[in-house]
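Q: Position chains B and C against the provided structure of chain A, taking the given hints into account.
Chains as they are written, first to last, in full-length UniProt numbering: chain A, 1 to 563; chain B, 1 to 563; chain C, 1 to 563.
FYI, nobody ran anything at the bench for these hints, they're computed from the structure. Some clues are possibly wrong.
Because identical chains share one entry, a pair is satisfied inside a single copy or across any pair of copies.
Within a straight-line C-alpha distance of at most 25 Å, the following computed DSS-like cross-link-like pairs (lysine-lysine) qualify [said to hold, decoys possible]:
#	residue 1	residue 2
1	K217	K510
2	K318	K213
3	K325	K212
4	K202	K533
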Amino acid sequence: MLSLSYMHLMNALSTSYVLEQVATMSILRARQFPLFLLLISTLFLASSSVNDHDQECQQSICRGIFRNSLKSRQEEDPRTEYFYCWQSCQTSEDTEECEAACRERLDGQLEKQSQKEQGGEDQDEKPTSNPNPYYFPKSTLLNRFGAEEGGYVVLNSLTRLSPFLRGRIKNYRLALFLTAPGTFVLPYHIDAESAFVVSAGKGTLTFVVKNKKESFKIEEGDVIRVPGGATTYLINHHSSEHLNLVQLIRPVNIPDLFEEFFPGGYKIRDREDYSILDDVESYYSVFSNDILEAAFNTPREQLEKALGQQRPEGMIIKASKEQLKALSKQDPSWWRKLVPWWSSEDTDLKFNLQSQKPLHSNNYGKFYEASPQEFNQLLDVNVSVVIVEINSETMMVPHYNSKATYLMMVVSGTGWFEMASPQFTLPGSEEEIEYQEDQGEQRGMYTKVSGKLSLGDVFVVPAGRPVVFVSQNNDESNNQNQNLRIVGFGINAPNNIRNFLAGQEDNIMKMMESEAKQLTFGKEMEQLLSNQKQSYFVPLSTQKSEEGRNHSSPDWLQFKTKQ
Amino acid sequence: MLSLSYMHLMNALSTSYVLEQVATMSILRARQFPLFLLLISTLFLASSSVNDHDQECQQSICRGIFRNSLKSRQEEDPRTEYFYCWQSCQTSEDTEECEAACRERLDGQLEKQSQKEQGGEDQDEKPTSNPNPYYFPKSTLLNRFGAEEGGYVVLNSLTRLSPFLRGRIKNYRLALFLTAPGTFVLPYHIDAESAFVVSAGKGTLTFVVKNKKESFKIEEGDVIRVPGGATTYLINHHSSEHLNLVQLIRPVNIPDLFEEFFPGGYKIRDREDYSILDDVESYYSVFSNDILEAAFNTPREQLEKALGQQRPEGMIIKASKEQLKALSKQDPSWWRKLVPWWSSEDTDLKFNLQSQKPLHSNNYGKFYEASPQEFNQLLDVNVSVVIVEINSETMMVPHYNSKATYLMMVVSGTGWFEMASPQFTLPGSEEEIEYQEDQGEQRGMYTKVSGKLSLGDVFVVPAGRPVVFVSQNNDESNNQNQNLRIVGFGINAPNNIRNFLAGQEDNIMKMMESEAKQLTFGKEMEQLLSNQKQSYFVPLSTQKSEEGRNHSSPDWLQFKTKQ
Amino acid sequence: MLSLSYMHLMNALSTSYVLEQVATMSILRARQFPLFLLLISTLFLASSSVNDHDQECQQSICRGIFRNSLKSRQEEDPRTEYFYCWQSCQTSEDTEECEAACRERLDGQLEKQSQKEQGGEDQDEKPTSNPNPYYFPKSTLLNRFGAEEGGYVVLNSLTRLSPFLRGRIKNYRLALFLTAPGTFVLPYHIDAESAFVVSAGKGTLTFVVKNKKESFKIEEGDVIRVPGGATTYLINHHSSEHLNLVQLIRPVNIPDLFEEFFPGGYKIRDREDYSILDDVESYYSVFSNDILEAAFNTPREQLEKALGQQRPEGMIIKASKEQLKALSKQDPSWWRKLVPWWSSEDTDLKFNLQSQKPLHSNNYGKFYEASPQEFNQLLDVNVSVVIVEINSETMMVPHYNSKATYLMMVVSGTGWFEMASPQFTLPGSEEEIEYQEDQGEQRGMYTKVSGKLSLGDVFVVPAGRPVVFVSQNNDESNNQNQNLRIVGFGINAPNNIRNFLAGQEDNIMKMMESEAKQLTFGKEMEQLLSNQKQSYFVPLSTQKSEEGRNHSSPDWLQFKTKQ
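So here's chain A without its partners, still in its complex pose (with noise of 0.2 Å):
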């Protein structure tokens, strides 16, 4: 897990959509370099596994492939694939090289990006919409505040990613947060409801509101609810693993909007291009000089001086060894016991969703799921959080949400899903999908969405959509780690039903009498829904495991479209 193929991570680069040409160069290029046992620094991959080179190099091949006809406008943005690449390089072993060749890419981007703006010739070529609204893969996450030592990464709006997610997954963001070890995330507030689940690592969280201050010793599957507002920072003071989580965010002035607000930091406003680092700035800094001197009555030189001594690194920084150990010392809790009535409201502001009971499981798979009347913190984002944990080459079976919506993320293991979706043409414009809703004549047909799983993809499970998951074998020597593990969020959960479409237990074909099941499917299907004994989660066909190899590349992303 500590090393990494350089072939990986170039790539990673070749997904890149906008210059193919330069991308299928580099990969050529990328395979006169030593391919094993790298150093990890870069963050997404530091969690993927050896020896899956080859299948990773078709499995981006293909999504380089379909990237290239992705072209979101939020994937325009040639620094977030800067960003990528300059980390990848740090585990190169010609680092200058490397990052002289992602500085000349960047430099051809940016080029090309500007002749555009100016009204080149490329306008005409408009570009298409994401052909599946309900799956981001990773790349489509954004480029929040990169830093030397970890990264914020968040998904982008979702009524601008799909046209079809407009309902109340609108008002939610996905975020996922990676620290590198011995680190210290500057202290910030948002201007949203937020709750966090640790996908990896341990560390100390601690949040200041009003005349309080609350830390948490965290570790994976802990899920925090951070309320609205409160000014947070954090440590990951392990000295070799990262610390990961995901993050839901729910703003509070504008539905799919927030922003991030530091009262230390300190901005280089003409810093060169190249950088990795989006600094920060604090706010502070906005006031008038006689409004900071009356507010710390204290004389204008003492507070620049003071305020001068930050350093522009980024929101997230190293830290020394002393301070993580003071930093990571949590609130005494023994007192808190004796005094129970201090902060009995807090008290339930983290728990541990993977020392729960599942909600569903066999010996397949694990379905966790804490609704926000168990953890009452989620009652006012409103959301449940689930793990789910399917084995290897196992599937969770065909089920659909009877009201609550899922955005859901990846954070081990691989797969795919497949889920029924009423039928849809990509939509060139809002009145072709008005045109589209209005039809009468699509009703009662479906299409098939699928997508491929790894480390951060996303994808949403509306209400109502059979879908299933299937975990993926991707490497037979090793077990532990090729489970799928996908964390997600249930908008809309109270109350929520999962009806299961086959196995043995709560399948609700099973409930209809003899005579509905024959008017509905015919005489035989009685007979045959009794055929799985499994419920919840099963095994993928074992007697034909030579065919089993076609499971990795099923006809990804088949739509049946409209002539």
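A: Same frame as chain A, but now just chains B and C:
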């Protein structure tokens, strides 16, 4: 009630706005057919009464003219029209000739439509908006699932129908379910919460959720709450009567859109254009073969064979007497009373509104309303359910609702409504709407909004607007059926108050101090307010029975428009 | 307080952006008129103080320049301007000449406007947006119902005023009700929930619902909740003082629109353009004659005679002393105390905010807030009500709200506010806004938003934004009136926490561990945080009274704009 004039049916056709000339011709041609004693299989017209052809004739001509100026997008689908045309033919003596005429007409329309789409010369003909933004005659209902044995028609999204319905009401949709005697409605679920009001007939409604099945015997006046995502099916086991249901729908994914999901069903994808059938497809069909084999633990061949038995018949199919009998058995309730905790939350999923005490009533009419507080299952769709029954030649006096907006559908009788609305002109664009809304100069002036009412017509009464409902005497020989009956849903109903503006009781004008009345109305108003001794419902003036004829043709839809 | 300079009034006119030259001329001409000792009938200026003409002059010129660049749509109505102009003339010595000037000006503007509408050459002049999306000076309030005896001015829908106010706040509107002494406000209801805060004067507010009437004696600091749809009327029975109310409105039909409905009133439809009167029309007038005759059980002639007595006077009319006396009698409360169950839910429809204990206070200022929890009637509009009172030359220290967004209106005094907002540039289009929002590169940088404050100015403080309010000393000879007083409404107030960023108490910066402070700010910050001994309100620095003059003219509205 079981016979109907062909004349009547053809008049319905004549309402077409697209090819007015053809429509006029079909009226003429229709006159050559025998007029009475045809069996009913048509849906809308099933509850209409005999002998009203002359009146209806005039009416539909008026409406024809009205619709001619309507041309809202959702009506431009000639297939919906074909559906009604085809249906009317089933009651014709020469069915084949009639069907041929329908097809010819559809052909003409489809051709015209395709010319338009190819960018013909009509492009400068901008469609004008609906001139009455709160009234949607039955012709604006969209055909969602047409079938030989019934149909499912839906009012388009209110935001799309009217620029003035942009508030909370836009989250609701209204539908009408019509099933012929002896039929089974295929199981399906929708991504929406819903509630049904039975407006005619008897049957059994069943839904399956997780590992429970609920069956309800239903009859006129029943209100049934179907939880979001419940897989629902329905039988009409009566030998001769239609079972009709008005349905309120609150989508859970996208505020104004919902989709049906069928586990069973078979779709012929290239069916000829003339079919009235909207086939349904099984959502199982989108999953990969491997997935289905694993899910059902059944070899592919066996699966295909079982599923191949489905017949393409649409959503509503004929069922045998034995099947109907088996499916109309309701779950025994005796043991549920012994084990009351088993599903206590379901006991009030159904109730009969008309067996309650009316909220407002006198000898002339009755107003039933079940608030979410009284019928808890309405709480999460947050609506009240209303049935208004107004005797012939009677009106419900001017009143306004303090907070709730009502979405109303006529289920029997005829009449009209008048409503005072802030003045508006017909906006040509979004900008014009905004401009109007910004103009202070028009404040404090009102316009009359009105519309004729008969089965299937929908109208909206927004909070605050003074309104009257008037029942018209369309046939003196028949008493029972002449009452105007309206089913309504009150959006934002909790704590709504109905303020009456006339009548003996609950008349807010009578509550003001004498000085306030004088300053507001002048001196003579006070005495005048005591002239009316009736409350809530009052007869139309009897002394002027001559002039009373004018009720039936007030100057409809008179708008004071800006020059 | 009862006299005012004509100069002052004419300066108000000079703020016009449409015809700047004419405006400048009227300033010059104004100087020829006597300056003092004119009676007040103007509304906004009624509470302004004497002797501030020079300062005000500069101020209004600044604002004139500012407004010149504002040009938002709702301000382009020259009639609103004419209204203020006409009103100012009533206090002039030569009223007729003054009025003639106003009319001439209106003529010019109307002509110019009609040329524009006919598609003149100005079409390429795109209106630029409001450069400060959170500040709406009094001049942006729309005249809703102008009358000789007062007026009703309303802030336009926030979504229309600013592209950045698209969240929950867009469901609320803010209005100001101004009534001359000895007046009656005609009964009306709105399709909205509302709450009033009395900012000056005394009177009686009455509303009628169903079969109940509620009357409240009201005075400065009172908060009154008027239920949606309640027919409301109001008297100002004082012989010389205005009664002014700030009103929060939450529409129930369409999120940002509401309409007034008057049972009585008479409208002259073709009144000459120069009238300042906005007549009101009775909503009864739209119903058919037959309907009205039946409803009132009264012959047409009698009805017409009774309703013909209404006079066209607008919404606010003069009342006799006897009428005022009769209407100012409040319902006796002694028997209500004996029969407490009669209307126990109404007992808290009113309370006095300033008689409560302030939430934050010291010698320099007071912050009163009633949360929905404390004042249950605010629960269903879901806002808190705030009154802030800040001594002259004092500020409320930098702080931010964790969840609530405040909509604030100045009711007396002068000053300014400064707020840290995420950096934005002036968007020219919806696309530009989206582009900005998508850009990650600007994250973590702030811009200063600020605005001068005096009576009628509105500003919005979104959740999360650090802000200061500063009270300015505009007149040393007068103590009482110099306090800056602001009335505010907190949207999403439940569980909101005010986090102070400076001061002795509740300063969240002081809550962090030393190590966190060091990592965030550097070493010297810790000591510096203890310099300020005051909390919440602090005086502007006294040692630099020379430099203090600069407070009155900071560099307003400095935006760091993107090149």
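Q: Now look at each hint and say whether the structure bears it out.
A: Tested hints:
Taking identical chains as interchangeable, the C-alpha atoms of K217 and K510 lie at most 25 Å apart only when they sit on different chains, with a minimum of 22 Å there against 46 Å within one chain. Taking the shortest Cα distances, K318 and K213 sit within 25 Å of each other inside one copy (23 Å), while across copies they are farther apart (59 Å). In this homomeric assembly, K325 and K212 come within 25 Å of each other (Cα to Cα) only inside a single copy, at 21 Å, whereas the closest approach across copies is 54 Å. In this homomeric assembly, K202 and K533 never come within 25 Å of each other (Cα to Cα): the closest approach is 40 Å inside a single copy and 39 Å across copies.
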